[in-house]
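> Let's have the full structure, built from the sequences with the hints guiding it.
Residue numbers (full-length UniProt numbering), protein chains in the order written: chain A, 1 to 254; chain B, 1 to 252; chain C, 1 to 254.
One or more hints might be untrue.
Unchecked claim - One-sided and incomplete, this derived list gives chain A residues near chain B with beta-carbon spacing under 8 angstroms:
no.: 1; residue: VAL21
no.: 2; residue: ILE83
no.: 3; residue: ASP87
no.: 4; residue: TRP93
no.: 5; residue: LEU102
What the hints assert, rightly or not - Some chain A residues well away from chain B (every beta-carbon gap over 12 angstroms; in silico):
no.: 6; residue: SER30
no.: 7; residue: VAL60
no.: 8; residue: LEU90
no.: 9; residue: ARG148
no.: 10; residue: ARG186
no.: 11; residue: ARG205
no.: 12; residue: PRO213
no.: 13; residue: MET233
Rather than coming from a laboratory, the hints here were simulated on the basis of the structure.
Virtual Cβ for every residue (Gly too), placed ideally from N, Cα, C.
Residues per chain are reported as follows:
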Amino acid sequence: MAAIEISNVSKSYALNRKSSVTALQGIDLSVAQGQFVALIGPSGCGKSTLLHLVAALEAVSAGSILIDGEPPAALRDQHRLGIAFQDHALLPWLSVESNLALPYKIAGVAVDKARIKHLIELVGLVGFEHARPSQLSGGMRQRAAIARSLCLDPALLLLDEPFGALDAVTRMRMNIELQRIWLERRPTTLLVTHSVEEAIFLADRVIVLGGRPGTIVESIDVPFPRPRPVELMRSEEFHRLTDYLTVLLEPSLR
Amino acid sequence: MGLAVRLVMRLFEQAWGLIAIFAFWQIWVMANHYNSIVIVSPLAVLRDMALNPMIYLLPSLWTLAFSLGGLAAGMSIGLLLAITAWRWRLFAGTIGPTALLISSTPVVCLIPLLARIFGYESRTEFVTVAVMSFFPCFVFATAGLRALPPMSRELFHVLAASRSRQLLSLALPAAIPSLSIALRVGAATSVLVTMVAEYLMQTGGLGNMFALTSQAFQTERAWGASLAAMMLSAILYTIGGAVELKVRERFR
Amino acid sequence: MTGPREKTSVGQISLIVAVQLALLAAWELLARSGALGISVPALSRVLQVYAQPRFAALLYRSAMATGKSALTGLLIGIVIGIVTAMVAHLLRPLRPGLDRLAVTINAIPAVALGPIFILMVSRELTPSLLATIPVSFLIYIAVSSGLRTASTGLGRMMTTFGAGKVKRLFYLEIPSALPSFLGGVKVSMTAAMIGAIVGEWFGAPTGLGIVILNTMQNFEIPLMWAAVLLVAGLALTGYGIAHLLERLVTRRFA
Ligand SMILES: Nc1ncnc2c1ncn2[C@@H]1O[C@H](COP(=O)(O)OP(=O)(O)OP(=O)(O)O)[C@@H](O)[C@H]1O
Ligand SMILES: [Mg+2]
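Below you can see the structure in the form of structure tokens.
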């Protein structure tokens, strides 16, 4: 598994010749091996940006990011990175099954049919193996994208609002499923979400980002032991944490 | 009964424009009492085609073969160049201006030039159609290779896909809808361009038939030849359209 | 996109220019050595044609005639194409018939139409009319598909605000059809030139088409090349103007 070391990272985008926007400023974060970290924060505070930096999709403007002591591109080139985007990014001309086979083909390894079947069962898409993305609902597409991110048994898993398009009930079910899947191999994970409950239920640590430019406002450890049962969400302790983080996100609720 | 009426209605909905044109043409010819050397009625043309199908068949097949052959060659070259330009950006810059010049030259102007270079032979027909179809294919393919589904480029990046894997699994499939448009547009025009080339060089096919028969004042047959070309072109366009529709369903 | 946007550097531009110059030089040298046969004259000999007053006057006169026919055909064709597309859009039942009619008329070989137009109107007008046909077709296709690209979501939004068919046309569908229309104008430029030149072959008094045909028969090879290059230049200019217009408009509406 991988450990992430983010030190003093800033990222700005040029809007045009004169002005630029600073998406992230002075981010310091270190994530231990096998840790599950959730990122929450208001829209536009740079959560996706941070994920893209860790995935080596973009270069930092200042500071450094190391994964297992190496730059992020190294992990990627070993095909040990799994990612699910805010936008599902399934290829529209491939069936669900072929979309899941894609990471194997790209990595140049044999397609693990059994693992694909297992993952399809896990995300509840049995019977839709041969459907194309346009024939699935929004939520089903995102579940397929999550299954794809898990194909290669990634050492580092990056999830950008993977459950954004799901209804509350399915979302809760997916949270429970994701925890189960995650416990199988415990990859180091960064999860971006808008749901405080989801963050607390799933993560070992919750990072609150504030805008703009995006900075880390708070980092709290979630004390609950795993596996966490659904009943946890009804406990006093859970509610206390939820309230605390909600107020941090929206001070007017105080 | 109801079914028959519905069928006729459907047919009329599709073909009212054509029926109107044919009716106008027939009435115009009859009203002006034109000499049949100058202009003939549509019914006379259709009768000639119906009575002598074999005379039309061979030139039609000839024209079809040259237009499809030229189209296939031109589109392959266009696609290959587009892929090369996709792979090496600098190449795109270096061939761009030349390709633009060739493409913007109206292809019929090139026919006399190509005829001078390659001779008054049927291979010139082939070259003409290939030149005509190469550029649209290059343009559509270049655009298609870059019209990727949202975030898919990033996905391939994260999965550390090689350039050739990106081409095979992402860019080429993404370009297929654009290529099918190029095919539909090219298929219809290729017949017409072939016909102009045949007309100018008198090598064979429907264009040659048109030239010979109109010189001999066999006006019905001359018009029959161009009606045959029209049908070929319309059939190819329709097939191309159907392919495009299928492809579009499949690829989005 | 990944990383900073790639830009064409000065070095690359000069390389591109160098390659173009090398191609031209290769043409010149090969033609002079006789390797390209008698039908391909050296570039310098073609350029000399433009410098001879007699030929220059002929080419100028012909270019004006062809340009006028093509432009007339272009303008009439654009009007016909737009009007037909609007009719087909507003009166749905007429659409299948109009579609079929457009395709069929466009499929009539120009060599067959020429004699009819000469009979119906005049030798002088035939080039313009032959240019009109493909332009009307291309514009009809471009505009009617453009009118249909207006997103259904936006259409529903307009309907919810109580917009009728005509309001929707003006506020939503015409603006969404503009890019497609301008793309149509771009390809129409070459089509209009083709129509004008084929039209001239049926006995117009002057025009570049006549020059090309006569020089082909009389073996005046450099003059033929000069005329063809002039046609290409005219078409390219038209294409360039349409392209600039497109850039201007898409910037405004993007
Ligand atoms: N490619 C880009 N070019 C310019 N600015 C960008 C780009 N990507 C992001 N930004 C800017 O960076 C800031 C952060 O964007 P980011 O997508 O990371 O937000 P986010 O926290 O993921 O928001 P959301 O919750 O809405 O997804 C925004 O102000 C955005 O405008
Ligand atoms: Mg985001």
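> Run the C-beta distances from A/LEU90 to all of chain B and say if the shortest one exceeds 12 angstroms.
8 angstroms, violated
> Identify whether the interface hint at A/VAL21 stands, where standing means a beta carbon of chain B within less than 8 angstroms of its own.
Where the cut-off is 8 angstroms and the nearest Cβ of chain B is about 20 angstroms from A/VAL21, the hint is violated.
> Is the hint on A/ASP87 kept, meaning its closest Cβ partner in chain B is under 8 angstroms away?
5 angstroms, holds
> Taking the shortest Cβ-to-Cβ distance between A/SER30 and chain B, state whether it exceeds 12 angstroms.
It holds; A/SER30 is separated from chain B by about 22 angstroms at its closest Cβ, greater than 12 angstroms.
> Can the hint on A/ILE83 be confirmed by a CB-to-CB distance to chain B that is less than 8 angstroms?
5 angstroms, holds
> At 12 angstroms, judged by beta carbons, does A/MET233 keep clear of chain B as stated?
31 angstroms, holds
> So is A/PRO213 really clear of chain B, every C-beta pair being over 12 angstroms apart?
Holds, since 22 angstroms exceeds 12 angstroms.
> Verify that the Cβ of A/VAL60 lies farther than 12 angstroms from every Cβ atom of chain B, and report whether the claim holds or is violated.
16 angstroms, holds
> Under 8 angstroms, Cβ to Cβ, is where A/LEU102 needs to be relative to chain B, so tell me if that hint holds or is violated.
7 angstroms, holds
> Against chain B, does A/ARG186 hold up as non-interface, every C-beta pair farther apart than 12 angstroms?
At about 20 angstroms from chain B, A/ARG186 clears the 12 angstroms cut-off, so the statement holds.
> Just double-check A/ARG148 for me: nearest Cβ-Cβ distance to chain B has to come out over 12 angstroms.
With a cut-off of 12 angstroms, A/ARG148 comes too close to chain B, as the shortest Cβ separation is near 9 angstroms.
> For the restraint on A/TRP93, tell me whether the closest CB of chain B is nearer than 8 angstroms.
Cβ of A/TRP93 sits 5 angstroms from chain B, so the hint holds.
In the structure shown, a violation is registered for the earlier hints numbered 1, 8, 9, in ascending order.
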